[in-house]
Amino acid sequence: MTNREQGKKYWLISKRVRWGLTIWGWLSILLIITLSIFLLMTQLYSFLAPVHREKSDMLILEGAAPDYVLEAAIIEFEENNYKYLVTTGTPLEWGHLLVEYGNTANIAASSLKKMGFDSTNLVAIATEEIQNNRTYNSALEFASYLRQYHPEIKAINLMSYGPHSRRSQMMFQAALGKEVKVGIISIQSFYYGPNDWWKSSKGFREVINELLGYIFVKFFFVPYEIKQDSRLKTQE
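Just so we're aligned, residue 1 is where the sequence shown starts under the numbering used here, counting upward by one.
If you are wondering where the hints come from, they were derived from the structure by calculation, not from laboratory data.
We treat Cβ as the ideally placed atom computed from N, Cα and C, and that holds for glycine.
Distance condition first, Cα-Cα at most 30 Å in a straight line; then the derived DSSO-like pairs of lysine-lysine:
no.	residue 1	residue 2
1	Lys113	Lys181
2	Lys83	Lys113
3	Lys114	Lys83
4	Lys154	Lys178
Per label pair, the in silico range of CB-to-CB distance:
no.	residue 1	residue 2	range
5	Pro223	Lys114	30 to 38 Å
6	Ser200	Ile153	35 to 43 Å
7	Ile33	Phe221	26 to 34 Å
8	Gly20	Gly177	50 to 58 Å
9	Gly102	Trp26	57 to 65 Å
10	Arg53	Gly177	17 to 25 Å
11	Glu129	Phe216	19 to 27 Å
12	Ile208	Pro91	22 to 30 Å
13	Lys113	Ile208	33 to 41 Å
14	Ile33	Lys114	46 to 54 Å
Please construct the entire structure, taking both the sequences and the accompanying hints into account.
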C-alpha cells in the first residue's frame, strides 16, 4: 500500500502518543491533596488568629466583641502596664433604637466601665455609618485620633476576636502606615478552637469566610484616605 493510499484510509483518524499517570503518580497526587487538607485544618486557624505583641502604651480593642474578650482586654491592660485603652467600632446594624449607645465602640467602652475598668484610661472612637470596609474605616478613624492626640506613639497592640484578627491587623497597618507598628492579640473563640473549628457550622463558616476576606485584602484591597469632612467622634 502506497503512502497516498494510507493517507486516504486514515484521513479521519491519527495516531498520537499519550502520557498518563501511573498508579504511583496517582498515589502521589492523593498524598499531596491529603497533606494539604491536613495542613489547612490544623494550621489555618492559627494563621488567621495570630498573637504578636509590640512594646506599646496603647491597647486597641475592636468593639464588636463578646464580653469575654472585654474581660481579656482588662487583664491584658493590667498585666502589661498600658496607659490607654481605645475601643473602635461602627454603628449597630440592628437594635439601635433600643440601645442608647448606638455604636459598638461605645457599647464596649460602657461595658468595660461596668466591669470596673478605670474610665480615665479609656477612649471610644465611634465610626459613622458606612456600608463597606467597616474594619478599615474604623482603623482610619483611629489613625486620625492617633495623629491628633498621640503623635508620639509609634506602636500599638490590637486585640481582636478569633480568625478575624489577621485581617484586622492588616487593615490597621494599612491605615496607620509604616511609621506605626501594629501588634496583634487574638482571643480564641468560645465556640471553637484551632484544632476543631471545622467540626461546627459556626467555626467552619467563620474561618472560611475570614480566609476569603484575607485573600481579598492581601491581593485586591486598595487603601484609601479618610474623607476630609469625616467627623471623629470620641467618648472619654
